[in-house]
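Student: The chain contents come next:
2 protein chains.
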Amino acid sequence: MKRGVLSNDHSDKLFEQIYDYVLERIRRGEWKEHEKLPSVRTLALEFNVHRLTVFKAYQLLKQNQKVYVRDKSGYYVQPGHGLSLDSRNDPIVSAYVQESHLSEIHQVQATYQFSKALLDPNLLPNLYFSEYVKKVFDLYPKVLGTYSTIQGDQELRDALCDYFINHYHFYLNPDELLVTSGSQEAIDIVARVLIKPRDVVFLERPTYSPAIDVFRRQGATIVPIEIEEDGYDLDQVEKLLQTHKPRLFYLNPTFQNPTGYTIPVEQRKRLVELAAQYQCLLVEDDPYRDIYFGKKPPLPLFSYDTSGTVIYIRSFSKYIAPGLSIAIVACRPSVMNLLVRAKSLADSGTPHLNQKIFLHYFFSARMQQHLEKLRIALSIRKEMMEEEFSVTDWKWSSPAGGFNLWMMLPESVPMDDFLSKSIENSITFVPGSICDPLRESKSWIRVCYSYLNEQKLREGVQRLISVYSSVHQ
Amino acid sequence: MKRGVLSNDHSDKLFEQIYDYVLERIRRGEWKEHEKLPSVRTLALEFNVHRLTVFKAYQLLKQNQKVYVRDKSGYYVQPGHGLSLDSRNDPIVSAYVQESHLSEIHQVQATYQFSKALLDPNLLPNLYFSEYVKKVFDLYPKVLGTYSTIQGDQELRDALCDYFINHYHFYLNPDELLVTSGSQEAIDIVARVLIKPRDVVFLERPTYSPAIDVFRRQGATIVPIEIEEDGYDLDQVEKLLQTHKPRLFYLNPTFQNPTGYTIPVEQRKRLVELAAQYQCLLVEDDPYRDIYFGKKPPLPLFSYDTSGTVIYIRSFSKYIAPGLSIAIVACRPSVMNLLVRAKSLADSGTPHLNQKIFLHYFFSARMQQHLEKLRIALSIRKEMMEEEFSVTDWKWSSPAGGFNLWMMLPESVPMDDFLSKSIENSITFVPGSICDPLRESKSWIRVCYSYLNEQKLREGVQRLISVYSSVHQ
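Chains A and B are the protein sequences, given in the same order. Mind the numbering: the first sequence is residues 1 to 473 in our numbering, read in order. Mind the numbering: the second sequence is residues 1 to 473 in our numbering, read in order.
Looking at chain A on its own, in the form it has when it is part of the complex (with noise of 0.2 Å):
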């Protein structure tokens, strides 16, 4: 991905976590009075981020009195830079804050609807739902009236286990999944079990956003790894697990949210391998597996892992059941045991009532058919938005499975200005910066195919160009 200029507005998460970072190694002394800190470019290179992000850094701890300037010659640590004296003065920028950037856009009411990557609900067998429910209350009278217990109702991991082990070769057994409330509680919990403040975090870039506010929230220092359409550069990436020494490496690997990229199966063993090296855990979100337009997908890292690296998350809410909010974690027993204990004091469950129904319902023959028919009509939409956008001079690359198109558009293109013009016509997407953990990406987009009918979906698109040709001559 090529990087934009920064600009103030975009730049500002990053800058602070370097920022963060300059000022905790002083605090802890190993950077004294008087010397010379790293050039910007080197920093720049470490962090693989623009020079412009750590010069703005350097910037404002010269102007807080803690590095002073020697003409020419770079930075040094300011003596009785008060560090040492009173540390709450300098808390950590980053930590506690609770930014959501995905879900203010999601806010925006619209007749197109292009930012949300959900599935239209007339894709699902909705007139079939309700006798899933009735046998689910024929078997389990009383499922209102009970609680499960906080890893998960044992039916439904116990079939889960198999269903996992028979899919993908999993060596599992059911104490080592946990049941969550859709993957964005899986995602907030495995944050809050393993990232401290100043913890190293590892994010695809671009990534999902929501992933980037909840490990920012934990104060933990992101660097971004490039994701391209043939994966990582993964000599980069072990170069960066030797300098950063990071917690753990969140990743999308297959039909990757925004790029609908796939990790190739080469790279995923080589992955798990470098990870259980460097002792990096590998957070694997999985959300779109069974959403594939040609042949189906590598298997998940998780399959590769021998070692107890890899955490693997699997969401069922995007293409079975937004409602029921039913996500599984797989893991071995040592961080697990944190998970459950943590799990218990954010929510004491997931609904017993959900897990029952989405049990009976996801292992039912009629879901497993449908899956194939919802294959076939999103392939038709994702195609049919791609000649739509074929009359622009926009570039991606064809997804093979996913709900999105990732998109890069003209540089020149006033995005703030495309996008607010948008809103005023009733079409959301998602502007690229907030995938981005470096917040640039400023000449992409986000566009799902996945939520309007065909009809909605080729007037937005149409509607959509029209904006942009306004904005763009």
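If you're looking for bench data, these hints aren't it; they were derived computationally from the structure. If you're wondering where the values come from, they're calculated on a predicted model, not measured in any experiment. We put the CB at the ideal spot given by N, CA and C, even for glycine. One should not assume that every hint holds.
Straight-line distance between alpha carbons at most 30 Å, and here's what the computed BS3-like set of lysine-lysine pairs gives [as the list claims (entries may be wrong)]:
no., chain 1, residue 1, chain 2, residue 2
1, B, Lys373, B, Lys135
2, B, Lys116, A, Lys134
3, B, Lys456, A, Lys142
Cβ-to-Cβ under 7 Å is the rule here; a few derived chain B residues that face chain A [stated by the list, open to error]:
no., residue
4, Ser103
5, Pro121
6, Leu124
7, Phe137
8, Val143
9, Leu144
10, Ser181
11, Gly182
12, Asp213
13, Ser344
14, Leu345
15, Ser348
16, Glu383
With chain A fixed as given, assemble chain B onto it according to the hints.
Tutor: Coordinates of chain B only, in the frame set by chain A:
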């Protein structure tokens, strides 16, 4: 409540907090080198704890060379205590601990389950549940295919807003309500949004055990407020408000868990005024309101609040539908905005299905009739349990509502032994110490009368009494 003598294993949590507190004030320079520290007696009074707890904290500070002792004259700040040089060497001991004391006991399988404050599923109108569920699917055929908004289903918030206005004279609009996945999530989100390490939190003593765990995990400094049958000592509370400037007071003023006590009306009014005056938020947890055995309880604190001081958490899980996990939070927009953002990262909204089922079930005529039956059934069980326990030398105040008896046993009872022998006999109860922010209350236990049917309840109590006789001659 009478305090027992602290033993090493039970006073751990509180002593750590006092340790943190002293350390922090030294670090901030409020207490300088060679300055005399507050006496053990003073700190014990200030924190409302046993002197041994303070003594233990000072002993560890001394051992870690942060303070020194001058014969007969007390504790002094050690020069060169090292706190200023590297704050990372003395992290907050208490933060980031994900502990869940109650859930550990709940994992014990037992025939005579007196530990979980749950409703007997047979007391719910299970046969009629499926009617309402079918109704929901008729009314909202796509309910499983759609997400709710993050703040909660509009129709449900509208209905609950009317309900609160009509029943409790709340001054409220639907935007001041947030639907959560049970009250545990509500407490967790409130704590995450409002509490940073070393913020002071008031907790009732005794209180709901998971609340202790949640606020401790946030790194709060916990100050206990004694609750007695006739309420709080509000003069003492006012002094503590002055001294500690707490961020919030988490309380359960109606049929309190575990004691069953209810704070009288006059105290409610005065407490709301005091809290407003000292800018302390009141987090009012109100899960048992409808389970009264005589007259209705006084109005919630929220009813008396005119300055946005009260955050009201109302769970409907306990006696309406545990399997749905629905609770609601009422608060003013300044706090609500923070809660909604945190909720969006915690689980992106409570499942839509559960909200719609709850809406139609709770507001049905049948549910309201059913509550009357429930009160009668539970009061019979409570009286039966009290009758069985009347042969013992245990002491308790008969609760006017709720699910629990809070009982004081003779101090000479070997509580650990009693609990483990009970578990061997397939009986569980909650030891008082885990309900106590000070981890004392060692001769108290919480016994729940709501879960077992009448026959099992009688059998279980008789069996418990015989275990008691065997450990305590």
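Student: Evaluate each hint against the coordinates.
Tutor: Hints, one by one, checked against the model:
no. : hint                : result
1   : B:Lys373 x B:Lys135 : holds, 24 Å
2   : B:Lys116 x A:Lys134 : holds, 29 Å
3   : B:Lys456 x A:Lys142 : holds, 19 Å
4   : Ser103              : holds, 4 Å
5   : Pro121              : holds, 3 Å
6   : Leu124              : holds, 4 Å
7   : Phe137              : holds, 4 Å
8   : Val143              : holds, 5 Å
9   : Leu144              : holds, 4 Å
10  : Ser181              : holds, 5 Å
11  : Gly182              : holds, 6 Å
12  : Asp213              : holds, 6 Å
13  : Ser344              : holds, 4 Å
14  : Leu345              : holds, 5 Å
15  : Ser348              : holds, 4 Å
16  : Glu383              : violated, 23 Å
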